[in-house]
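Dock chain B against chain A, hints included.
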Amino acid sequence: MRPDDDDFNEEIRGHLALSVKERIERGEDPEAARRAALKELGYIPAIRDSMHRVWYSRWFDAVTALGHDMRIGLRSLLRAKGLTLTVMVTLGLGIGANAAIFSVVREVLLRPLVNREEDRLIYIRQSAPGLSTENLTFSIPEIRDIQARAKTIRAFGDFSTIDFTMNGLRGEFGAEPRTIKAGVVNGSYFEVMGLRPALGRLLHAADDRPNAPGAVVLTHRFWSTAFNRDPKVVGRTMRLDARSATVVGVLEPSVPYPTDTDIIANIVTSPHHLGATMVTRRNHRMTELFGRLAPGATVESARAELTAIHGGMMRQNQEAYPANANVRLSVTRLRDQIAAPARTILLLLLATAGVVFLIACSNVANLILARSVRRENELAVRAALGASTGALRRTLLAESLVLCGAGAALGVVLAYLLVNVVGRYAARFSVRALDATPDASVLWVGAGLALIAALVLAFVPRLPSAQTPAGLGPAGGGVRITPGTNRRLQVFAITQIAFSFVLLSGAGMLLASLTAMQAARTSFDLQQVLVVDVANPVGMDGAKVIDFYQEVTRRIEQLPGVTRVAVGTNVPWRDVGRLGPGYRFTIEGYVPEVGEENPYAKFRNVSPGFFAALGVPILAGRDFTDADGRDERVVIVSQSIAQRMFPNGDAVNRQLRWTEAETDPDPRRIVGVVADVDDENVVPGPVLRVYQPLRQLPYGGRLFVHAKGNPYALVSPVTRIIREISPEQPVERAATLADVRAEVLAPERLNAFVFSGFAGVALLIAVVGVAGVLAFSVSARTREFGVRLAIGSTPRQLLLHVLSEGALLVVIGIIAGAVAGYGIGRMSMSFSPNLRLPGLLPVLSAAAVLGGAALVALLLPAARAARVDVLQALRSE
Amino acid sequence: MAKTNDDQRLDLLQGTLDMLILRTLLWGPQHGHGIGQAIRARSEDLLKVETGSLYPALHRLEKRGWLKSEWAISEANQRAKYYRLTAAGKAQMVREQDRWTQMVQAINLIMNPAPSDEE
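In order, the protein sequence lines correspond to chains A and B.
For the first sequence, this note's numbering puts the final residue at 877, and the numbers step up evenly by one.
For the second sequence, this note's numbering puts the final residue at 1119, and the numbers step up evenly by one.
Isolated chain A (complex conformation) (with noise of 0.2 Å):
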């Protein structure tokens, strides 16, 4: 154990008392014998720290000197509370933001899968931006093709979804029918993407096989909210359609992309995938692609490798390529393909967080220089007494440590709450954020910060030198403010300024396009219209399943309170996709230019009525009635092809031929003529679109009811009825089109949202950090307008003098930050090419909020100066 300066003490003591004796002994006078021995010892605290020394490093008496500091600097803070509090909630709001999406950046960004070798795995993908399609994906012929000459890819696993009606294991889920989502896989899938099952087994080469049994695996999520981990359920059967399957595994927890379904099956499961149109059609795209690299190859090689190959298919096939489409193959990392759409959202959050936190320490290194000024005088007194320029700093630090620590404990605190509302936030970004937990790292970044922080906050105040011992006035109570000093409150107050410029700009963006999008015109009956997704009767051939839809429609209208029911394939904004990225067309009659391609078309099929029950007006010619699609084939055609194709307006009657390889060439006569109904995009462009009757193509899916009064009583009536004709029938996620537009716009509400959070923040941290600079200042400078008043100035003029200085600070902070924040732009947009600039409208709307929220609290220290008593201010010094 380590002798403390107590035994030192003792040491000496008894040493002190043997010399004496000694002397003594030798005849010496017992006073002078004291005297002596202590001359002999020498200065006695120099020989107790050579002791203490050979113990104890400098360091650990730094830090023990520091921890004194602490506790000195924790009373004096104690007695200073709202300086404390304000300090603790700046600090603690921009550490905890910070912490909560580092957690969610490292959770996104950083880490890896958990698929095994996940740096050999790779996506392909298939895009045609000609089509604006970002994901083409593939057909079973273009797989073949790439497949049988890759060198540089190892296995392919491919993975296409497909709806099924789920009947049999009942018990799980109460009675209800419903529609799940597949995931119809090859053999080598599972082996590919290098998962592991939780339970049971997963799918292999002989589940490929044509006689293969059905197989299912369920997804970690799937299992957990359908079957509550029931681990009984492996073994079980499930009816998928017409056909059943046995579950034979659960996969382990593992990010689901591109789609997240419910349940992973071999191919047998799906008829549509053993048939012709799937195996030999090379339009027929609707599979993803994996791939692991053979040993040797590189991400690189492989995108080579592939590009050309894609290449050459394309040559071999140019009647599946056309030259509009520019279909184009890209090869990434599968981790690096999930993490780009959440990249730049990301980053920007982290560069958002980061400001905050600039701006949090400037407004409380304003504050503790203010407080360091008022204090001059103590630390003249300590500098004059003999402190050290090292002792007098390590007291500031102490007490910047004591606030900053205070600071990270409530930011560690609101970053625990934060993670998971980040993480949900960041989820429709990429769902590996909801994994996104608060853990050790939160801590780490916490404590970084704050010492950061602490580290900067105390070397920020002047400390009094020997050279100027102003603070040492007799009345002591006065407080004198710098020049130096005075700079350093502005340069931070014109930083704060100019930082939550820059955020409120860009939150000021957002709300604009937000606002745009919800105030875009939309030709539908947003409020009284019900849709519900009613999948295409299993089971049933063509004529049954029009019978079905239309005894469906029949009873639903005769329900009070029901105007309109009409059958269609796509519900706005929510069926984005459905149906695919259209087919090319020709009209009779128009003329192309020449080496002009035919445009492309997307085909809905509707029944009677639909563009009433949505509202949506017939331009020329009539909607469809119950004898179309019988013999003649009949279409509807949107505003756009008509306008673009027939500027004259006789689109009417003539014929409609699509002219893709698969497509069947018979002509169909255009009888109607209907408004562009864009349901892909909630602010609607033109669009092309071909309508069809149902009668023609019996494949529905989607209801749409027109009501009178609120569409929601109809639920449980439409529901019965439906099941009333067809028990098995599932009818699901029944919503008015204005809350499904509501649901498609809440990722720009939230994004709005989430910033413009930020953007106040920062204003309110800004405002009172300006704010507290000018009450400082006014207070140091009592005495000044005391002489103004006594001299001729009015409290008016005085009012405006320290408004207009206000108002200066806040003006240079604006173009600070103007400046600073194209800087910024110019640059985040080098690094990704999808962000804007905001225009002028939220810029200046920034410019004015900032203002305006400046003034006011500029008022306040203002008034102050108006309300200076000469007497008062004269007399103070």
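Please keep in mind that the hints were generated in silico from the structure rather than gathered at the bench.
The beta carbon of each residue, even a glycine, is placed where N, CA and C say it ideally should be.
Please note: incorrect hints may appear among the correct ones.
[To be verified] Chain B is nowhere near these chain A residues, computed Cβ spacing over 12 Å in every case:
#	residue
1	Asp69
2	Ala458
3	Leu511
4	Val856
[As the list claims (entries may be wrong)] Calculated lysine-lysine pairs in the DSS-like style (CA-CA distance at most 27 Å, straight line):
#	chain 1	residue 1	chain 2	residue 2
5	B	Lys1068	A	Lys21
6	B	Lys1090	B	Lys1048
7	B	Lys1063	B	Lys1090
8	B	Lys1048	B	Lys1068
9	A	Lys39	A	Lys21
10	B	Lys1068	B	Lys1090
11	A	Lys39	B	Lys1048
12	B	Lys1063	B	Lys1048
13	A	Lys21	B	Lys1048
Chain B in isolation, oriented as in the chain A frame:
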């Protein structure tokens, strides 16, 4: 007791204090004051150890594990810290004594060379 004049005292050679302390403690446990007195007495008052160097040296030796200390009541009827040699301390003493002997021989060779070398 005959007192040596302060002018005649010798300054301790650098690095020899540790050895002297270890050697002194070979006779048995002793407190700091006693060690100082012993060195002075045995050197016939030629060597005097300053308290300011003696105590840090004692603590340094203790920290290295060559000495052990314990509190006991001294002849002055007050608590004093008694130091005694550890086994490691004895070994160290032997090492230092060897080094010292070699050092003295080496210095002698230079300062008092054999007459044959002089020519």
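Holds or violated: Lys39/A to Lys21/A, with C-alpha atoms at most 27 Å apart:
15 Å, holds
Decide, holds or violated, for the assertion that all CB atoms of chain B are farther than 12 Å from the CB of Ala458/A.
For Ala458/A, whose nearest Cβ neighbour in chain B is about 34 Å away, the distance exceeds 12 Å, so it holds.
Would the pair Lys39/A and Lys1048/B pass a check requiring their Cα atoms to be no farther apart than 27 Å?
Within the cut-off at roughly 15 Å; holds.
Would you say Val856/A is clear of chain B, with no C-beta pair closer than or equal to 12 Å?
66 Å, holds
Given the hinted pair Lys1090/B and Lys1048/B, is their Cα-Cα distance within 27 Å?
23 Å, holds
Decide if the proposed pair is consistent with the structure: Lys21/A and Lys1048/B, CA atoms, cutoff 27 Å inclusive.
The hint holds at about 19 Å.
Run the distance test for Lys1063/B versus Lys1048/B: straight-line Cα separation, threshold 27 Å.
The hint holds at about 24 Å.
Are the Cα atoms of Lys1048/B and Lys1068/B separated by 27 Å or less?
23 Å, holds
Under the criterion that the straight-line Cα-Cα distance not exceed 27 Å, is the pair Lys1068/B, Lys1090/B satisfied?
12 Å, holds
So Asp69/A supposedly isn't at the interface. Is its beta-carbon more than 12 Å from every beta-carbon in chain B?
Consistent with the label, Asp69/A stays out of reach of chain B, its closest Cβ about 27 Å off (over 12 Å).
Restraint status (C-alpha distance of Lys1063/B to Lys1090/B at most 27 Å):
15 Å, holds
Is the claim that Leu511/A lies outside the interface with chain B correct, judged by CB distances over 12 Å?
For Leu511/A, whose nearest Cβ neighbour in chain B is about 68 Å away, the distance exceeds 12 Å, so it holds.
The structure is consistent with each of the numbered hints, conforming to all of them.
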